Amino acid sequence: MDEHRKVTRRELFGTGAAIAMPAIVPASVIGRPGRQGANDRIRVGVIGTGGMGTHHVAPDTAALCDVDDGHLAEARKRVTQGEPFVTKDFRRVLDREDVDAVIIATPDHWHALMTVMACRAGKHVMSEKPTAKTIAEGRAMVNAARTHNRVVQIHAQGRSNPNAHAACTFVRNGGIGRVRRVDVWHPVNFTTDNWGAEEPIPAGLDWGMWLGPLRRMPYHHQRCHFNFRWLMDSGGGFIRDRGNHALSIVSWLTDNDAYRGVVTCEAKGAPHLSGFFDVPATMDVNWQFRNPDWTLTWSQPGKANPRFPGDWGATYTGDRDDLVVLGGDGGCDTEPKAKEFKAPPGGIEIYRSPGHRENWLECIRTGKRPVMDVEIGHHVITLCILGNIAWRLGRKVTYDFARERFVGDEEADRMIYEPYRAPWSLEG
Amino acid sequence: MHLNLQALLAQRPTAATLMADIRSGDAALRARAVEQATLVGTSLIVPLGNAAGGTDPAAARAAIEALRRVAHHCARPKAASERKAAVRELVKLTTAASPRHVRVEALYLLGFVGGADATGALGGLLTDASIGEEARLALERIPGPASDRALRRALTASDDSIRRAVEQSLEARAGRRRR
Numbered sequence: 001m002d003e004h005r006k007v008t009r010r011e012l013f014g015t016g017a018a019i020a021m022p023a024i025v026p027a028s029v030i031g032r033p034g035r036q037g038a039n040d041r042i043r044v045g046v047i048g049t050g051g052m053g054t055h056h057v058a059p060d061t062a063a064l065c066d067v068d069d070g071h072l073a074e075a076r077k078r079v080t081q082g083e084p085f086v087t088k089d090f091r092r093v094l095d096r097e098d099v100d101a102v103i104i105a106t107p108d109h110w111h112a113l114m115t116v117m118a119c120r121a122g123k124h125v126m127s128e129k130p131t132a133k134t135i136a137e138g139r140a141m142v143n144a145a146r147t148h149n150r151v152v153q154i155h156a157q158g159r160s161n162p163n164a165h166a167a168c169t170f171v172r173n174g175g176i177g178r179v180r181r182v183d184v185w186h187p188v189n190f191t192t193d194n195w196g197a198e199e200p201i202p203a204g205l206d207w208g209m210w211l212g213p214l215r216r217m218p219y220h221h222q223r224c225h226f227n228f229r230w231l232m233d234s235g236g237g238f239i240r241d242r243g244n245h246a247l248s249i250v251s252w253l254t255d256n257d258a259y260r261g262v263v264t265c266e267a268k269g270a271p272h273l274s275g276f277f278d279v280p281a282t283m284d285v286n287w288q289f290r291n292p293d294w295t296l297t298w299s300q301p302g303k304a305n306p307r308f309p310g311d312w313g314a315t316y317t318g319d320r321d322d323l324v325v326l327g328g329d330g331g332c333d334t335e336p337k338a339k340e341f342k343a344p345p346g347g348i349e350i351y352r353s354p355g356h357r358e359n360w361l362e363c364i365r366t367g368k369r370p371v372m373d374v375e376i377g378h379h380v381i382t383l384c385i386l387g388n389i390a391w392r393l394g395r396k397v398t399y400d401f402a403r404e405r406f407v408g409d410e411e412a413d414r415m416i417y418e419p420y421r422a423p424w425s426l427e428g
Numbered sequence: 001m002h003l004n005l006q007a008l009l010a011q012r013p014t015a016a017t018l019m020a021d022i023r024s025g026d027a028a029l030r031a032r033a034v035e036q037a038t039l040v041g042t043s044l045i046v047p048l049g050n051a052a053g054g055t056d057p058a059a060a061r062a063a064i065e066a067l068r069r070v071a072h073h074c075a076r077p078k079a080a081s082e083r084k085a086a087v088r089e090l091v092k093l094t095t096a097a098s099p100r101h102v103r104v105e106a107l108y109l110l111g112f113v114g115g116a117d118a119t120g121a122l123g124g125l126l127t128d129a130s131i132g133e134e135a136r137l138a139l140e141r142i143p144g145p146a147s148d149r150a151l152r153r154a155l156t157a158s159d160d161s162i163r164r165a166v167e168q169s170l171e172a173r174a175g176r177r178r179r
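As you go down the protein sequences, you meet chains A and B in turn. Residue numbers 1 to 428, in the numbering used here, belong to the letters of the first sequence in order. Residue numbers 1 to 179, in the numbering used here, belong to the letters of the second sequence in order.
In isolation and in its complexed conformation, chain B is listed as follows (with noise of 0.2 Å):
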């Protein structure tokens, strides 16, 4: 056991291995990043995002893998400080640098593994006419009254499809909760 311990740490892979495989025309060597991604952790999450947002196809896939996979390892049972550095580096992908699909898939991780610490970045994204349907998205699933209250300042948006879809959340929520 010890044995297979040390071997393991030995084939540890580092954020850069790993993202050169992820980048490397190999289909062999992109997989098995993919399946080690979790062993990096956090300091993946900004260089996959920018992987994702790359011209190769086939990288930019692995990159969204791994990075989904890194996102729910770091929201695992137990795991609160994984978890709240996962966060952290999801809010720098949500950013208008960052691609809109990357931003998006950003987003989509930070409904499953952000708490009260991910509603305000996501309550300023609500009316951005880019991806504010999917910050809307992300802040109905995040239980707790952080949500509420970050979905309630968008009540006072201008725009009235974003008061509307903001209403329909709160009713979603105040749904799941009686029931």
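Just chain A, same shape as in the assembly (with noise of 0.2 Å):
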């Protein structure tokens, strides 16, 4: 595939004069979100079909994009009702008018610039966590959906779960009274005896394209699917994968999506030396907020609660009570007290999804922000990323929430950022 092929305004906008006229008419071209029909069929793409994207390729789907044939043909399976469209080009996908929005569940290296995409060519988006890659990715994304007004649910589905929910309105209405820290207990990371030597792509992979915007480097199936997580570049590490999850759940319970204070972050953890993976094997980080002052933690290994044990999740302490939740994704689960747990009259209602992709559909009928915003995606991944930084740059870094900016480690800044491989470019 052409990875070099400049991308058009008219690709990016979907005008092009061969393609048939839609059945219905998509949101795309009415506009902006909220004017479609409550029972208007929402045509969605999947751009990432193995792996976590496996799970989003419904019977309907309108469009199918994976850079792996085998990846291709299994999703193509399980598309009963009609016929979609088959790519491995992404570009082709956001194309198309009978495409109204795409979910996207790549690799994290690709998720911002095809949300920046879609929401360019005027696709509404749901991207699979993490967030992104980097700080600056995650403003972009913020900075895309609002200027085309598109609606943009990254998808950390804990906040559509009803356990998560009842977890949320016990502590937000004074459960444990003020929360003084959270600790989050996790597994450690993968590791691997390999050394990575370059093999030979196997067919049907379009490697230059899974790459994408990430710097060049060989083949090897360890740094492919599933376990580019444990390479930094492209996958940093269950902190920046389940992390957010984790933190997805602690910024809600704890009120924090819209703190835009400074945070404190210092990570340790043991590198992992007997092979190519270079996340460190073991991880602990230790996050500080003022105002109102309180601690996060992060341990990879870590010490589940004894009370309510689960292979992850995280202690809620405050200066009344405590509380378990565990995990952080759509098997999240919590103590019997919270499960029972009404809002008082006149207390903190919390926002409800009937489920996240529910949500999301019914937001871009709607007009309403979803449960998993992308400005809420960017300011928890925020939270992770700063981990890898602090444990990267091996020193305790201060973050200016604000500003998005660090304070006073001008090195710090330039990780907030990550040049693409050309052709790749976040820019219009």
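Keep in mind that the hints are not guaranteed to be accurate.
Listed next, with one range per pair, are the computed distances between beta-carbon atoms [to be verified]:
hint : chain 1 : residue 1 : chain 2 : residue 2 : range
1    : B       : Ala80     : A       : Arg405    : 18 to 26 Å
2    : A       : Pro200    : B       : Thr95     : 27 to 35 Å
3    : A       : Pro59     : B       : Pro57     : 41 to 49 Å
4    : B       : Pro57     : A       : Gly310    : 20 to 28 Å
5    : A       : Asn173    : B       : Ala79     : 32 to 40 Å
6    : A       : Asp60     : B       : Gly175    : 36 to 44 Å
Please keep in mind that the hints were generated in silico from the structure rather than gathered at the bench. Please read these numbers as outputs of a predicted model, since none were measured by experiment. Note that beta-carbon positions come from the ideal geometry of N, C-alpha and C, so glycine has one too.
With the hints as a guide, dock the two chains, each given alone in a separate frame, to form the complex.
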């Protein structure tokens, strides 16, 4: 595939005369979200159909895109209503007038660029976690969503889980008093005993498009599907993956989404030296928030709370009580005291999502902000990224959420941004 | 406290002992060497680069990790002279004498550590068929007009793809300044 083919404005905005008129006028043509009829079908394309993408392919998916023929063939079998458009080049999906919205389930390094390009092309977006690879990418996603008035939901779906909702209602209504600290525990990162020597690129995989904006590197199966997670450049380890889930719930329960103050972050972790993965094998991160003062920690490995144990989760400690919330993705659970709690009259009502995809589609129809709006996703992933930056630099960093800059650390500021391999660019 | 400092200084490795540990077949010694690399500093950069280009993958991996730690440590706030020394040493690893993956690593680190003092060397590599793209990525990250000048000089390159990529870097830098 020609990665270097220049993307024209015509291609981005999908005005090709050869494209047949759609049977239903799509939201992207009508304009702003909220103008579509409540019963109109929103036609969804899925970009990235392996891994998490397998869960997003519905029987009526309008378009399928993946750089791996194997993924595409499997996804095609799951579409049983109609004939989906199938391509290895996501730009062809964005061209189409008969696609209103896209779900992006590619590896992390594509999330921001595809989201920005999709918004410019008039598509609504639900993008998998992590929100972005860098802080600058997260900001670009928010700006694109607002500039083009698109509904952009991050698929950190814990906020659509009823147990997480119960925990949030409990904590935000004072169930544990004022929150003083939150301690997240999680298993360690994956390791390998392989050194990553170049392998032949499998037939049917477009490695150049898989890499996209990422720095050029030789193909190895552990750099590609799934295991990209254990390289700092492409994955950032569990803290940038499950961390997006876990810290999304933390930010929700502590009412931290709109925090614009300063946070300090320190991280320690043993480097993985017995193979080519370069995320730390273990990781301990500590964030200190100010006004109100509270502490957040991430521990890999961490110690589960024996009162309500689970593979990963968080203990919320307040000045009157504490609460355990397990997971942070679709499998959230929490203690009975939170599940049985009802908000008192006049208490704080928490945004209720009927389901993450349903919430996204509903917001496209109504124009309402989704439960995991891209700006929240940007805020949450910034915390995860700060952990990795502090670990990589080997020093405490101070980050100013209002300025979206580090305080007094010019090198750390350079980690806010990652240059893209040509021809990929976030610029319009 | 005084005794602790003395004990720490007594344990402080030399470049030679640390490199011997990196090259040893002992995983524990290698891990300790990585942890202690910042105590030795910039004099380790070229030896670590050489080990990273060696045939022992475990030693190469440990050397890369130690190299990253030393480079980032030298770029910490209020360590201007160490940062400059690190740039000088990293630039040595960008020459064709080093294997490509070592040159790539040095260029990546120069993107974080380098200032105007790195842009001449990086600009000279923009048309290098092997690592020109990595030099461009490093220059794109380094703030300041010296990087812009180095990039603009490559706009006269005969290769269209280099010119387009450099234009992309200049646009990205201008976009970041606007924001």
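Hints, verified against the model:
| no. | hint | in the structure |
| --- | --- | --- |
| 1 | B:Ala80 <-> A:Arg405: 18 to 26 Å | holds (20 Å) |
| 2 | A:Pro200 <-> B:Thr95: 27 to 35 Å | holds (30 Å) |
| 3 | A:Pro59 <-> B:Pro57: 41 to 49 Å | holds (47 Å) |
| 4 | B:Pro57 <-> A:Gly310: 20 to 28 Å | violated (37 Å) |
| 5 | A:Asn173 <-> B:Ala79: 32 to 40 Å | violated (48 Å) |
| 6 | A:Asp60 <-> B:Gly175: 36 to 44 Å | holds (38 Å) |
The structure is inconsistent with the numbered hints 4 and 5, although it conforms to all the rest.
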